[in-house]
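Keeping the supplied structure of chain F fixed, place chain G upon it in accordance with the hints.
2 protein chains.
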Amino acid sequence: MDADPPLQLRVFNLNCWAIRYLSKLRQERIGLIGDTLGQEGFDLALLQEVWSERDYCELKQKLTACYPYSHYFKSGVIGSGLCVFSRYPILDTFLYQYSLNGYPYMLQHGDWFCGKAVGLLIIKICGIIFHVYVTHLHAEYCRDKDAYLPHRVVQAWELAQFIQHTSKGADVVLLGGDLNMHPGDVGIRLLRGWTGLRDSFADTERFEGCEDGCTLVPANCFINKEELQPFPLGIRIDYVLYKGLSRFVVKCDSLVTTTGTAPGKSIPYSDHEAVIATLCVKPREEAKGSSGSAVEPELVDVVNEARTEVRVGLHTAERQRYSNGRMAILALLLLLLQAAMGLSSLVGWDSPQPFPKFSFSLLSLLATVVLLLSMVLYVFHTIEVKMLQGTEEQMRLALQALQDKLSSM
Amino acid sequence: MDADPPLQLRVFNLNCWAIRYLSKLRQERIGLIGDTLGQEGFDLALLQEVWSERDYCELKQKLTACYPYSHYFKSGVIGSGLCVFSRYPILDTFLYQYSLNGYPYMLQHGDWFCGKAVGLLIIKICGIIFHVYVTHLHAEYCRDKDAYLPHRVVQAWELAQFIQHTSKGADVVLLGGDLNMHPGDVGIRLLRGWTGLRDSFADTERFEGCEDGCTLVPANCFINKEELQPFPLGIRIDYVLYKGLSRFVVKCDSLVTTTGTAPGKSIPYSDHEAVIATLCVKPREEAKGSSGSAVEPELVDVVNEARTEVRVGLHTAERQRYSNGRMAILALLLLLLQAAMGLSSLVGWDSPQPFPKFSFSLLSLLATVVLLLSMVLYVFHTIEVKMLQGTEEQMRLALQALQDKLSSM
Chain F
1 MDADPPLQLR
11 VFNLNCWAIR
21 YLSKLRQERI
31 GLIGDTLGQE
41 GFDLALLQEV
51 WSERDYCELK
61 QKLTACYPYS
71 HYFKSGVIGS
81 GLCVFSRYPI
91 LDTFLYQYSL
101 NGYPYMLQHG
111 DWFCGKAVGL
121 LIIKICGIIF
131 HVYVTHLHAE
141 YCRDKDAYLP
151 HRVVQAWELA
161 QFIQHTSKGA
171 DVVLLGGDLN
181 MHPGDVGIRL
191 LRGWTGLRDS
201 FADTERFEGC
211 EDGCTLVPAN
221 CFINKEELQP
231 FPLGIRIDYV
241 LYKGLSRFVV
251 KCDSLVTTTG
261 TAPGKSIPYS
271 DHEAVIATLC
281 VKPREEAKGS
291 SGSAVEPELV
301 DVVNEARTEV
311 RVGLHTAERQ
321 RYSNGRMAIL
331 ALLLLLLQAA
341 MGLSSLVGWD
351 SPQPFPKFSF
361 SLLSLLATVV
371 LLLSMVLYVF
381 HTIEVKMLQG
391 TEEQMRLALQ
401 ALQDKLSSM
Chain G
1 MDADPPLQLR
11 VFNLNCWAIR
21 YLSKLRQERI
31 GLIGDTLGQE
41 GFDLALLQEV
51 WSERDYCELK
61 QKLTACYPYS
71 HYFKSGVIGS
81 GLCVFSRYPI
91 LDTFLYQYSL
101 NGYPYMLQHG
111 DWFCGKAVGL
121 LIIKICGIIF
131 HVYVTHLHAE
141 YCRDKDAYLP
151 HRVVQAWELA
161 QFIQHTSKGA
171 DVVLLGGDLN
181 MHPGDVGIRL
191 LRGWTGLRDS
201 FADTERFEGC
211 EDGCTLVPAN
221 CFINKEELQP
231 FPLGIRIDYV
241 LYKGLSRFVV
251 KCDSLVTTTG
261 TAPGKSIPYS
271 DHEAVIATLC
281 VKPREEAKGS
291 SGSAVEPELV
301 DVVNEARTEV
311 RVGLHTAERQ
321 RYSNGRMAIL
331 ALLLLLLQAA
341 MGLSSLVGWD
351 SPQPFPKFSF
361 SLLSLLATVV
371 LLLSMVLYVF
381 HTIEVKMLQG
391 TEEQMRLALQ
401 ALQDKLSSM
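Listed in order, the protein sequences are those of chains F and G.
According to full-length UniProt numbering, the first sequence holds residues 1 to 409 in order.
According to full-length UniProt numbering, the second sequence holds residues 1 to 409 in order.
Looking at chain F on its own, in the form it has when it is part of the complex (with noise of 0.2 Å):
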């Protein structure tokens, strides 16, 4: 093995905000991604926020020749938005769906809709065994006030622990994606502790690109800008994380992203920035086991943490839920009182209705859509409840865990 050249991958990730119907330019930008992977001949292409399968098939139509394999993950009401095109067979997926992803009454938002999940494609390149992760978290809407933090810290945590519990046959750990988390967030340091994935932008040998890395950036066109005014450089939070294990190792020759528009073109490819990594696999040289799984003692103030934004959610939740069920008990009440009223009167134990009749029936039907409703958010929300609850008592069995290793060492 020693003397195989080392292997070396061109991976192109992007979220291609293709939302039919609300996407701006979406069949145009979808024709020119399709070109640029065919033209420029990756590897591996990541997609996410492809969101109409026949946007997909579009997309596989046309890259049949170079790309021969891919796949599409379903999942939620819309799709989960995740494809891969690869010019190397795939021998196998798994889907796994992430517990808590939003509200399905934040329709403006549309997260819940999307069933956000993390797909693993196997894929054998070379002899190299490659686990492919490709997901997409949920988004952020406001930073200061972010009602998503502990939903997208689960999802983090979630992720991570997909990742470590799949890919133990693994030689080479691939993950690209929209993660809506800047790069000092909890749940990337989270991810990245727990799993032990490097960083392309912080690892490469040659950068080119955006400054800083940043995938959504105050040039491209889609951008409102106002949204973007407090970091005038633009965010990173679409990456492309890798490791090697056992036998290889795995570099970052260069990172690539695009800068505001499609290269050579007058409009970008979506409102994010497409990143571009070239990884270089090589067997390694020092002897098996030094794959670099000795912990570190601040991942247990990262886990802390994680849990800490964990129980400010499972508050949350516990709050919601009571309110709904209060909601629920008293459009109960009204609804018997009602029908207690309207039943006296129909026997004639009372002088004729007090009441309009047809203020009555809207009050009826009030109650009783307010009643349905609250039922199905209690349930909802004691369903979010116990998500939140397990992770937490996962996350106290992984940081128990985690210092009787450090005790250890």
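A few of these clues could be false.
Given that identical chains are not distinguished, each listed pair holds provided it fits within a single copy or across any two copies.
Each computed EDC-like pair below joins lysine to aspartate or glutamate, with the alpha-carbon atoms no more than 16 Å apart [to be verified]: (1) K62 x E40; (2) K168 x D92; (3) K405 x D92; (4) K124 x D404; (5) K405 x E53; (6) K265 x E28; (7) K265 x D203; (8) K62 x E211; (9) K168 x E318; (10) K282 x E318; (11) K145 x E227; (12) K265 x D35; (13) K282 x E392; (14) K145 x D185; (15) K62 x D35; (16) K405 x D35; (17) K225 x D203.
If you are wondering where the hints come from, they were derived from the structure by calculation, not from laboratory data.
Here is chain G on its own, set in the frame of chain F:
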């Protein structure tokens, strides 16, 4: 290693049927289960249907001396019901919720509310890494016309895939649970064929208990005899499955089931019989690699059979989605018509309201409720369709990989 004596492991598996307010003699039975676990000192106790966390806490408190390590998996509205008591430290846990699990409107069955899942625990015993899986699949309410068969097949497939993808780092894989499938059912054949897990009942050297290893038997006083009429001996739906990986072989030295009552008592532990397996783990003598990973040609037929079931489910789900969509549109049209009539009579275009106001309002109440419910169900069945399509596609890919493997053998 070869000089080490074989490791003997006693595993207790039971579906506890502990539903608060509904299950008969719940408290007595939980007490009895706790006593037995305490007296017998098994190495592992895998329990299902411990729906109430209070029951789990009661058991935990009672068993803390004998089983210092335990875990309860939280999910769904009620909790997954899955918990494990262990004599050995639990290093890590992970939960995978099945993507399909019945219907929320089937309140009388209630499986949807339980968030059926598979829990993974990583346990190290005498230096051997055990991946212990505990699960409970969707119940079968009517064998002749089993509306949940496609969901159960999807669950069996996800269980098999979850085990395959998460067990690469294990020395021994152990699965215990109520699979709600007879030994010859397609889901069991798929699970066993895909993972290579061995059935403790089929492989044991010594068996003692109900004929054919049945775990739902007419002798149990909680069993509805009529439901078991087609199976005079009972049915076997609770399993302990295992396999040794890489350096280890596992054998089942003995298997015992209870026979309608708890030993020496007048009542049973549950409506299911307990399964107690004594496993023997030994270092493998042959060269590494001969861990029985050969592909059986029959597996192709099994995956095809499972895929057909998924397709049947897909057809049904599409039909249900269609009828819910149609119902929602009809309800919306009715509401719009009523709004138009109401408005026109308000602005005085029309002669006085042709319908009595009360019936008019009642009708709009009904239309609103129908609209809301059909919309929710439309969304629900759309998710179901997506997941069935996704599973079908995954099975197609798996079949292809299987056929490639077979043709290269």
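Going through the hints against the structure:
1. K62 x E40: within (13 Å within a copy, 65 Å between copies)
2. K168 x D92: both (15 Å within a copy, 14 Å between copies)
3. K405 x D92: between (33 Å within a copy, 13 Å between copies)
4. K124 x D404: between (36 Å within a copy, 14 Å between copies)
5. K405 x E53: The answer is neither: 46 Å in one copy and 30 Å across copies each exceed 16 Å.
6. K265 x E28: within (11 Å within a copy, 74 Å between copies)
7. K265 x D203: Neither: 29 Å inside a chain and 66 Å across chains, both beyond 16 Å.
8. K62 x E211: For K62 and E211, neither the intra-copy (33 Å) nor the inter-copy (60 Å) Cα distance is at most 16 Å.
9. K168 x E318: Result: close neither inside a copy nor across copies, 37 Å intra and 38 Å inter.
10. K282 x E318: Neither: 50 Å inside a chain and 48 Å across chains, both beyond 16 Å.
11. K145 x E227: within (14 Å within a copy, 55 Å between copies)
12. K265 x D35: Intra 12 Å, inter 74 Å, cutoff 16 Å: intra-copy only.
13. K282 x E392: neither (38 Å within a copy, 37 Å between copies)
14. K145 x D185: within (14 Å within a copy, 51 Å between copies)
15. K62 x D35: within (8 Å within a copy, 66 Å between copies)
16. K405 x D35: Neither: 50 Å inside a copy, 34 Å across copies.
17. K225 x D203: Neither: 29 Å inside a copy, 67 Å across copies.
Hints 5, 7, 8, 9, 10, 13, 16 and 17 from the list above are not met by this structure, while the remaining hints are.
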